[in-house]
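The listed protein sequences derive, respectively, from chains A and B.
Position 545 of the first sequence, counting from 1, maps to 545 under our numbering, and the rest follow consecutively.
Position 144 of the second sequence, counting from 1, maps to 1144 under our numbering, and the rest follow consecutively.
Wrong hints could be hidden among the right ones.
Unchecked claim - In silico SDA-like pairs for lysine to any residue, Cα to Cα no more than 25 Å straight-line: (1) Lys349(A) with Arg1196(B); (2) Lys61(A) with Glu85(A); (3) Lys1182(B) with Asp589(A); (4) Lys1240(B) with Ile472(A); (5) Lys608(A) with Arg645(A); (6) Lys713(A) with Asp758(A); (7) Lys1100(B) with Ala503(A); (8) Lys1244(B) with Val1302(B); (9) Lys1059(B) with Glu1069(B); (10) Lys407(A) with Gly1219(B); (11) Lys1218(B) with Leu479(A); (12) Lys593(A) with Gly1131(B); (13) Lys457(A) with Pro1300(B); (14) Lys518(A) with Asp1332(B); (15) Lys105(A) with Asp128(A); (16) Lys308(A) with Asn284(A); (17) Lys1275(B) with Glu1258(B); (18) Lys498(A) with Ile1122(B); (19) Lys684(A) with Glu1130(B); (20) Lys1218(B) with Val1302(B); (21) Lys44(A) with His133(A); (22) Lys422(A) with Asp439(A); (23) Lys1182(B) with Arg1193(B); (24) Lys518(A) with Arg1193(B); (25) Lys608(A) with Asp1332(B); (26) Lys1337(B) with Val769(A); (27) Lys1218(B) with Ile472(A); (28) Lys684(A) with Ile1122(B); (29) Lys492(A) with Ile1122(B).
Unchecked claim - Taking CB as the label site, the calculated pair distances span: (30) Lys349(A) with Arg1242(B): 38 to 48 Å; (31) Asp758(A) with Arg1101(B): 36 to 46 Å; (32) Pro230(A) with Thr1199(B): 36 to 46 Å; (33) Glu495(A) with Arg1242(B): 41 to 51 Å; (34) Lys647(A) with Lys1103(B): 42 to 52 Å; (35) Lys647(A) with Thr1203(B): 40 to 50 Å; (36) Tyr1320(B) with Thr326(A): 51 to 61 Å; (37) Thr1203(B) with Glu481(A): 25 to 35 Å; (38) Glu72(A) with Tyr1320(B): 30 to 40 Å; (39) Glu481(A) with Arg1101(B): 47 to 57 Å.
If you're looking for bench data, these hints aren't it; they were derived computationally from the structure.
For every residue, glycine included, the Cβ atom is placed at its ideal position computed from N, Cα and C.
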Amino acid sequence: MKVPYSWLQDYVDIDKSIYEVADKLTLTGSKVEEVIDKGKEIDKVVAGKIIKTEKHPNADKLTVCQIDVKTETIQIVTGADNIKEGDIIPVALHGSSLPGGVKIKKGKLRGVESNGMLCSEAELGLADEDSVHGIMILDQNTPIGVDIKEILGLNGGVIDFEITSNRADCFSIYGIARETAASFGCDLKNIETDYKTNDENINDYLSVKVDTPLCRRYMAKMIKNIKIGPSPEWMQAKLNEAGVRPINNVVDVTNYVMLELGQPLHAFDFNNIGGKEIVVKMANDEKFTTLDEVERQLDSSMIVISDKEKAIAIAGIMGGQNSEVTENTNTIVLECANFDGVTTRIASKKLGLRTEASSRFEKDLDPNLVEIAANRACYLFETLGVGEVVGGTIDIYNEKVEPHYVKVSPEWINRFLGTDIKTEDMIKMLNRLGMEVEDKEELVIKVPTFRQDVKIKEDVAEEIARLYGYDIIPSEKILGEAVEAEITREQKLIETVKSTMVASSLYEALTYSFYSPKVFDKINLNNDSELRNTISISNPLGEDFSIMRTTLIPSILEVMQRNILRDNKEARVFEIGKVYLNVGEDLPDERQKLIIAMAGNVDFYDIKGVVENLIEALSVDKVDFERETQNPTFHPGRCANILVRRKNAGVIGEIHPDVLENYDLEERVYVAEIDLGIFFDAAKLEKKYKPLPKYPAILRDMALLVEDSVEVKKIEDIMRKLGKGIIEEIKLFDVYKGKQIPEGFKSVAYSLIYRADDRTLTDEDVNKVHDAIVKELETKLNAKLR
Amino acid sequence: MRDKLEQIKVEALEKLKECQTSQMLDEVRVKYLGKKGELTAILRGMGQLSAEERPIVGKIANEVRETIENAIQEALKEIKNKEKNYRLSLETIDVTMPGKRNKIGGLHPLTKALDEIKEIFIGMGFSVAEGPEVELDYYNFEALNIPKNHPARDEQDTFYINQNVVLRTQTSPVQIRVMENKKPPIRIIAPGRVYRSDTADATHSPIFHQIEGLVVDKGITMASLKGTLDTFAKRMFGEKTRTKFRPHHFPFTEPSAEVDVSCFVCGGEGCRVCKGSGWIEILGCGMVHPDVLRAGGIDPDVYSGFAFGLGLERIVMIKYGIDDIRLFYENDVRFLKQF
Chain A
1 MKVPYSWLQD YVDIDKSIYE VADKLTLTGS KVEEVIDKGK EIDKVVAGKI
51 IKTEKHPNAD KLTVCQIDVK TETIQIVTGA DNIKEGDIIP VALHGSSLPG
101 GVKIKKGKLR GVESNGMLCS EAELGLADED SVHGIMILDQ NTPIGVDIKE
151 ILGLNGGVID FEITSNRADC FSIYGIARET AASFGCDLKN IETDYKTNDE
201 NINDYLSVKV DTPLCRRYMA KMIKNIKIGP SPEWMQAKLN EAGVRPINNV
251 VDVTNYVMLE LGQPLHAFDF NNIGGKEIVV KMANDEKFTT LDEVERQLDS
301 SMIVISDKEK AIAIAGIMGG QNSEVTENTN TIVLECANFD GVTTRIASKK
351 LGLRTEASSR FEKDLDPNLV EIAANRACYL FETLGVGEVV GGTIDIYNEK
401 VEPHYVKVSP EWINRFLGTD IKTEDMIKML NRLGMEVEDK EELVIKVPTF
451 RQDVKIKEDV AEEIARLYGY DIIPSEKILG EAVEAEITRE QKLIETVKST
501 MVASSLYEAL TYSFYSPKVF DKINLNNDSE LRNTISISNP LGEDFSIMRT
551 TLIPSILEVM QRNILRDNKE ARVFEIGKVY LNVGEDLPDE RQKLIIAMAG
601 NVDFYDIKGV VENLIEALSV DKVDFERETQ NPTFHPGRCA NILVRRKNAG
651 VIGEIHPDVL ENYDLEERVY VAEIDLGIFF DAAKLEKKYK PLPKYPAILR
701 DMALLVEDSV EVKKIEDIMR KLGKGIIEEI KLFDVYKGKQ IPEGFKSVAY
751 SLIYRADDRT LTDEDVNKVH DAIVKELETK LNAKLR
Chain B
1001 MRDKLEQIKV EALEKLKECQ TSQMLDEVRV KYLGKKGELT AILRGMGQLS
1051 AEERPIVGKI ANEVRETIEN AIQEALKEIK NKEKNYRLSL ETIDVTMPGK
1101 RNKIGGLHPL TKALDEIKEI FIGMGFSVAE GPEVELDYYN FEALNIPKNH
1151 PARDEQDTFY INQNVVLRTQ TSPVQIRVME NKKPPIRIIA PGRVYRSDTA
1201 DATHSPIFHQ IEGLVVDKGI TMASLKGTLD TFAKRMFGEK TRTKFRPHHF
1251 PFTEPSAEVD VSCFVCGGEG CRVCKGSGWI EILGCGMVHP DVLRAGGIDP
1301 DVYSGFAFGL GLERIVMIKY GIDDIRLFYE NDVRFLKQF
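Can you build the whole structure from these sequences, using the hints too?
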């Protein structure tokens, strides 16, 4: 909310700079977004009157003006087309400055002398470039030669506050003035509200009925014999500074009071209130045209103000075109009411219409503010000569809100804050906030109705803390029992996974947890796949982000795609991320997965090597890689399931060319996806020491000719089984196909290391086992020794 | 004969001086000392000498042999040395050429920063807790004092699965889950993903990371909140870092504050990063609201606590001068390699 400093000074006597005030209020809890000091950059700009205009002799679009700036008459050339003789306009004189560091100097335009510049609102920093057209035309009564900053009220600057939802009272100049007074310890001035009325009674003109408890109070006043016209310069200047556009004297007064007190008001043209009756009720499903000439669809969750026949305003949001104040308005009904916050907020959202009024009502205003605001508006109508206030008031206020009490002991407050504030100081602070305090065994605090946010003792502690100063509260270590940090087994294992991946030259990626349901087709998933049973977001950012992921494969393929298309050919990435499995309960099963992807100068065995590194780092036992030909995402000949203790823990392989095509990839991509939960269940954190071997080893090589289809695992299983006890290591060192090997066969060569823990092996010992292995390979796998 | 020996000696030593290679030395050795060598021939002829002369000449002959042998050894040493130096000179390489490196990968910048933050809090006795990302409305809002129709629940901010289930908009629901499962003293941080329905642009992301903190015990005060966060700020951003606690409003804490740290780029002088203010806002915090303690099954008349929450992306962006939050989720390896 924009608070012009000069307006604030109407209610607090303060001689600090605007920046000191902004800093202090920040520290006492009113968050400052920005200090805007437009006047600071404006110098030597005055009001001037155009006394003569002529066409420029050398340029069609330029005008030569003679301008009276009181001390002299100067000649200025302008390109503006909205000026005429007699207009009063802002004139930047020779040697003047404008916002943005612009300096104006005299010079010649197409051969004609120009001694300054006529200014638009944008050039004075009062409006955006786009929203203005031409030179700013000032009121005819503006005094000539006077500094424009004085005329437009730009001397003080403006503080823009962010108002938190709990402080509706601060959504007003007077509320901020109260905070300022409390923060600096100075006095808050009263608002003038006394006015005179005529002898008539509003009740003779109008009746009001409230049909919904969501309107907590409805007050109506009537002003007659109105002379519509512009409001005074000082009021227009203040409205402008606060960011509200002046319209006419009636609307300006309602806006002025709203800004000042935080209570929105609305003026109806009395002549357009059918049946001279106002009813506040829930809307029908009906169409309604608001002041901004937009037709809107109402429904029964919204409150409307109607006359005898039709809606005339959407309560708390915007009035209707049908009862708008116009040039011809003679009598108005001034509405000053209190509407329910939630209802207003929901209606405003449904209508896509957020106004100065609705943004205040939605914070739930104090119903007792209604009366003060209505009186203040009447005071202004009367003193400004806008019209004549009709006697009497209509006020429907069924459940009166009274001040409430909070009890708290000063000792508790000091204990809670860790401070040592004196009771008398606490009382002073609370008084400054408009709270009366009785000091009994405890402090008994009478909380004014505009502070509904102060309900419990912690709220009181906050009020005291912020006025005392958060910066003065000491900074201490946590007292009490020492607590030791616990690092869980899973957290330790995750660290191992991360370091193993980094050591395997992979970079960590982080991808979105949601994606499009279309990704399942992109990775060729079967229609009946479990992974298609997802959790969906009911209000997603779009279909592309609408379901929670059940596999990380599409996410990582997108990362590969992006990198490869950007020419990062050797992309090697991993992610540790969650999948969200729909298990038919309220919440999904969130499982931690590891995904690895590699491309470039790599093959299946490179990615398998990374997984093997992980298996070793985590000491996962009983792991098998088993051929998988049916997974449609992967190359049917280059894919394996990863089994841990016979449980499926993941998949590894080369991505199927059809899938690659769906991702516009021409390069082979290798992917492994692992369920970390299953890996972790089988992992061992503790390492055991095994004594180094005491006895020598015997090394035997073996080259076998086997059919292509024989997997080396089968060979190794036989070696391991028959060599049990003395076989220490089985090393595959060569697989060969080609010359000297018949079609459909391959040669596999092994080094076998034999060693016993308890004795030196003899050749005879080894031969016995080695020969048995060869024989078994021959019979079981049809292998031939080469 | 003596003269002959003397002559051989002089001759041999002369020849040795001319030797350039170990092969040439060998030739000299064979010529004089070999089986058919000149000195050997003389020794063989010793039999013709008289019995008196024999030992004398024999002695001289041995001396000559020794002298030649020593000289050969000497020369050999020198030649070997020369040969070695020559070989070394051939082996000279360009030490400024790049080394052969075992490629290693790297962690995501967000993970790195999070690890750093975790380490600081673990050092202060905090444990790391976790909670679900798809969360019950109750934990994400209701139990945190955010009733239905509170502005913070606006549909435009929250992703809903259904009426009762949301994608958590903050890590704060972990507070309640921890309190339900653990009696005080509680000292945890809970890092993780959170979700807001903001379209991605340079400063918004529908997914980002928060780190929640919660301390509950007897006698926890606002002063302990300040002390803990002061320590964190100094360890994270440097010993000279100052903090500024500004009053603010959150539904789940009372009193509440926002915390600025003195700009770690300019040290508080004012620069582009802190927009000239000298301060950078990094977190929100406060004393846990009694309703929230009650929702966690903890008696606010016995215990008190504080909580805080900070955004990870924001800190990393400021620290490295990254101007687009989307870079974190694009995973361009050229970006990831820089950290």
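Enumerate the violated hints, using their earlier numbering and listing them in ascending order.
Result: hints 6, 8, 26, 33, 34, 37, 38 break, sorted rising.
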